[in-house]
Structure formats: C-alpha cells, structure tokens
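Given the structure of chain A, go ahead and fit chain B onto it with the hints provided.
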Amino acid sequence: MALTLDLVLQVALQAVQMFLVVLIAPLVLGVTRRVKARIHRRIGPPLMQPYRDLWKLLHKEAVLAHNASWLYRVAPYFVFATTWVAAALVPTYATGLLFSWSADLIALVALLGTARFMLALAGMDIGTAFGGIGASREMMIASLAEPAMLLIVFTVALVAGTTQLSEIAATFVHKSVGLRVSLGLAMFALVFVAVAENARIPIDNPATHLELTMVHEAMVLEYSGRHLAMIEAAAALKLVLYFSLIICLFLPFGMATGEKTAAALTIGIGAYLVKVLVLAALLPIGETSVAKMRVFRYPVFLGGAFAAAALAVFLLFVSRGF
Amino acid sequence: MDKLSFDIAHLLAGSMLVLSFLLLYQDRITAVLNVFALQAIALSLSVAWQSVAQGAPHLIVTALIALIVKGFIIPTALHRIVRRLEIHRGVEQVIGGGPVMLTGLGLVALSILLVQPIKEGASILTREDLAFALAVILLGLLMMITRRNAVTQIVGFMSLENGLVLAATGAKGMPLVVEVSVAFSIIIAFTVFGIFVFRIRERFDTVDVGALDRFRGEQRDQL
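Sequences listed follow chains A and B, in order.
At position 173 of the first sequence the residue is numbered 173 (the working numbering), and the sequence of numbers has no breaks.
At position 203 of the second sequence the residue is numbered 1203 (the working numbering), and the sequence of numbers has no breaks.
Rather than coming from a laboratory, the hints here were simulated on the basis of the structure.
Small disclaimer: the values here were computed from a predicted structure and weren't measured.
Be careful, since some hints might not be right.
Claimed, not checked - The calculated SDA-like cross-link candidates involving lysine to any residue, where the alpha carbons are at most 25 Å apart (straight line), are:
id, chain 1, residue 1, chain 2, residue 2
1, A, K36, A, A15
2, B, K1003, A, G161
3, A, K292, B, R1089
4, A, K175, A, F154
5, A, K175, A, R294
6, A, K36, A, V22
7, A, K292, B, P1175
8, B, K1003, A, H66
9, A, K175, B, L1004
10, A, K175, B, R1089
11, B, K1003, A, T162
12, A, K175, A, K260
13, B, K1003, A, G304
14, B, K1003, A, L158
15, A, K175, B, D1007
16, A, K260, A, L158
17, B, K1003, A, V313
18, A, K36, A, R294
19, A, K292, B, P1099
20, A, K292, A, P147
21, A, K292, B, G1098
22, B, K1003, A, L316
23, A, K36, A, M48
24, A, K175, A, L273
25, A, K260, A, L54
26, A, K292, A, G304
27, A, K175, A, A110
28, A, K175, B, K1003
29, A, K292, B, Q1026
30, A, K175, A, N198
Pulled out of the complex, with its shape left as it was, chain A reads as follows (with noise of 0.2 Å):
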C-alpha cells in the first residue's frame, strides 16, 4: 500500500514539473515584452496578453496552402510534443523526479535539434521563398550553436562525473566545486546559444515580420490559426526551457535535492519562479542594449561561444592534470 502511495506522490511530482514549465511559459513571455516594452519607454502589453493571444489563435480558423503536405500540418503538433519533453525532463525545483533518469544533456540537445529539423522542413514544405531562406538560415545558426552546446555539455559533465541533469544540480548544490573559471566560460557560451536558439536579438528578432533578416518568423509565415499557437507555444516553451537549464546548471541553490517535504518543495517552487523571473527581466535588458546583427556576423557570435566554451575544456583539462 505504501509503495502505491508513493509511486502516486512520485507520479504527482513529475506532473507539477510537467505542467509547471508549459502554465508559465506564456508568462515568462510577457514579463519579457512588457520589461523590453518600460526599457522603450512605452506601456506594453499586460502581462497576460501571450494566454489571450494563444486562446485567440485556438480558436481560429487554420488556413492551409494548397500545396501543403500532411508534414506541414503534423509538424506544429511534433515540436511541440518535442519541446515539451525537453522543458519537462529539465529539473526545475527538484531533482531525483521520477523520470529524471531520462533527463540526459545529450538526450536534450537531440530533442531539441530533432524539433529544429521538423520546423525547418514544415518551412521549406509549402515551397515559398521566405519559408525556404528561413530554414536554410535556422540550419546555418543551428550547425554553428550546436558545437558550442556540446562542448558546454562536456564541461558540465567533466566537472560533475555525469551527463544526468538531476545528478549534476544535485552536485553543484552539495559539493563544492571551488572558483572553476571552466563553469563561468560555459555559462556565458551558454547564454550565446540560448540567445541564439531563441530567435532573439542580436541574431534573430522576435517582434517583426517585416525584415529581410528575420529566421524564425520567416519560417512560420504561413501559419495561421491552431497551427500557429502550437508554434507560439512551443517558442515560448523554448524560452522557458533555456531559462530552466541555465538555472539548473549554473544556479541550483534552493532546489529541493533531498527528502521531498512539503516545506522544501515550496521553497524549490519558490526559488525557481523568482530566478525564472530575473532571467526574463535580465533577457530585455541584455537584447535592448545591443544591435540586431548581420547574418554574415552569426559565425562570430556563435564562434565566440565556441571558443569560450572550447575555452572551459581546455582549462579543466589543464587543473585536472588529464
């Protein structure tokens, strides 16, 4: 009987974690437009604008092109579905969940880039001009962002012992790591690649539909309706996602690590929402402050990532003594 019970609090932890990440995804969205909307000096759209806009958008009628095969119209179903287990299997306010085991860093870097090919071919499926540079750009970030990924991945993992996220919090957070220059190198590679896979400025920019340089909004132009607030969603759930592995990996303090009790369960909730907050509050601050760049500078955005995070290996390596 007690071994039910359990397994049904475990079951029930995993689904706070499950749903917790996709409720405030389209909040985090808005504290992000309405902090960038202050910085401009304009009022901004009220914070819960992003859950309106997806309502409006389920409710609307989905235009189709003529010529669209059944890819285009499984594919914002499909990165969503992908999406979301990424954003689920990321320990947010506690580790050792139930389907923790699963929550690999390599696991999550090929979630995310099998949901990155599935847009990238629903754009090229209808066989617009836009549709197609869009995708032919998403590849071009993405073949740059990804090495760069995986190399924060080995740092992470050379210092913990582990590619398994929950492990790595729960080692960040009980052992002392000591002042690793490798973490702090990995960490600003990794908030390059988060701008970067986000379609935020200065790579992409969120909030136009009318530049020539735009990637990811040029790969969903011609989706409308249902359709439309899956891929919304599944942006905003993106976002959420970065926002949960920086935190995870580089901030884990006040996660509930050990014995499940209630009181460290609220704290783990509390502490989370507060440091999801801040991000969301620092991303404006950070994207307001530069400009959008030129697509032929994206190699050296993100090879400046590569390098810092070849950078972090590289120093290991040397304190570790192979």
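Structure of chain B alone, referenced to chain A:
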C-alpha cells in the same frame, strides 16, 4: 585553504588567457586597448596572489610595476596616440575572425600538451601557470601576425610580455632585478614603437603596415 589558494590562482591565470582571446576577438581599436589594460590588471592580481601563496614579498613589487606601467601608463599613452592619429573610431579588418580563433584554440591545446609532461619536480600550480603563460605568449604572437594596424601589433607584443611575466612569477625565485630591467626595456620598447608609429603615419598617411609591403618588394592584391 590550499584548495582555495589554488582555485584563486587558477581563476586569475585563466582569466588572463580568456582576456587574450578577447584581444584576438575585438576589432575596435579602443576596445582592444581597454581589454589590454584589463589583462595587465589581471596579471598584477595574479602576481600579487602568487606573492601571497609563495610567501615571496618581492613579487608585490612586480605586481605594482605591472599594474602601474602596463595597467595605466601604456594604455593611456596608446589611447592618446590613437586619438592623435584619429583612428580611434576605426574598425580594423581582422584577417579571418573564425580561422584566427580556431588557430588560437589550437595554440592553447598545443601549450597544454607541451607543459603536460612536466610532472616531477613541479607543483600542479607551477605547471598550470606555465601552460597558461605559454598560451598567452603564443596568442600574443598570433595577434602580431594577424593584425595589420601598427597600434594593435604593439598591443600584441605587450600582451606577449604579460605572458612572460606570468611564466616568470609562476616559477619560484625570479630575482627582482630581472623584473625591473624587463619593465624598463618594455617602456623603452614602447617609446620606440610610439615614435615609429608616428613615422609610419607621416610617411604613408596610414598605420596599416600592409602599406610597407610595397617597399619590401612584395606584392599584395588588396591593400
């Protein structure tokens, strides 16, 4: 305590290496000078920490020389030169940002591999400092090769010298007189460089050393 001391030394020496990379990465001349000043400050902090960790009080003098001469006097003078030459808004065409960064990473890996066999008779701290110092020296050389502006080449040379000081302080027992004479030679070299930059400018109306190639009998397609 010992672990903490090692971690701080690692942090300071590592940040010098990171700043060396930042020097390679920057293409704005004032930004290059600011990063150079930061690197000199990181060097002086690192040397000061070595003096605490090794119990060698004379290293404090070295740290002070690095801080005052290379952290303040030389960057200020370079800023003045750049402003008088009116190139302080210039964006330098770095030859292939990506390949240079990759070469830099390769040089760092090379210096780590070179220092790695030194196991006996050297503490891990010395070994690490040597690896970092070698990497900083090689990156300074790389910067001198890849830049075409005479002022940034000077910065490359000075950052190379930063690496030399880091290597010298990592090893125990560098006499103070050596450090003082190195500092003086740096100042003299800097003066010579400064005069040369103005000479080049007077003669060719640019500080791009590519303009000199014609006078060496070399051909280059783009100026």
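The hints, checked one at a time:
1. A/K36 with A/A15: Judged against 25 Å, a Cα distance of about 32 Å means the pair is violated.
2. B/K1003 with A/G161: Judged against 25 Å, a Cα distance of about 19 Å means the pair holds.
3. A/K292 with B/R1089: 20 Å, holds
4. A/K175 with A/F154: Between A/K175 and A/F154 the Cα gap is close to 19 Å, so the pair holds against 25 Å.
5. A/K175 with A/R294: 43 Å, violated
6. A/K36 with A/V22: Between A/K36 and A/V22 the Cα gap is close to 22 Å, so the pair holds against 25 Å.
7. A/K292 with B/P1175: Roughly 52 Å separates the two Cα atoms, so the pair is violated.
8. B/K1003 with A/H66: 67 Å, violated
9. A/K175 with B/L1004: 14 Å, holds
10. A/K175 with B/R1089: It is violated: about 48 Å lies between the C-alpha atoms, which goes past 25 Å.
11. B/K1003 with A/T162: Given pair B/K1003, A/T162 holds - Cα atoms ~23 Å apart, limit 25 Å.
12. A/K175 with A/K260: 20 Å, holds
13. B/K1003 with A/G304: 30 Å, violated
14. B/K1003 with A/L158: OK: B/K1003 and A/L158 at ~18 Å, within 25 Å.
15. A/K175 with B/D1007: 15 Å, holds
16. A/K260 with A/L158: Roughly 28 Å separates the two Cα atoms, so the pair is violated.
17. B/K1003 with A/V313: 20 Å, holds
18. A/K36 with A/R294: 22 Å, holds
19. A/K292 with B/P1099: 24 Å, holds
20. A/K292 with A/P147: 23 Å, holds
21. A/K292 with B/G1098: Roughly 20 Å between the alpha carbons, so the hint for A/K292 and B/G1098 holds.
22. B/K1003 with A/L316: 15 Å, holds
23. A/K36 with A/M48: With a Cα-Cα distance of about 15 Å, the restraint between A/K36 and A/M48 holds, given a limit of 25 Å.
24. A/K175 with A/L273: 24 Å, holds
25. A/K260 with A/L54: Status violated; Cα separation ~34 Å.
26. A/K292 with A/G304: 16 Å, holds
27. A/K175 with A/A110: With Cα atoms ~29 Å apart, A/K175 and A/A110 exceed 25 Å; violated.
28. A/K175 with B/K1003: Within the cut-off at roughly 14 Å; holds.
29. A/K292 with B/Q1026: Given that 25 Å is the threshold and the Cα spacing comes to 18 Å, the pair holds.
30. A/K175 with A/N198: 32 Å, violated
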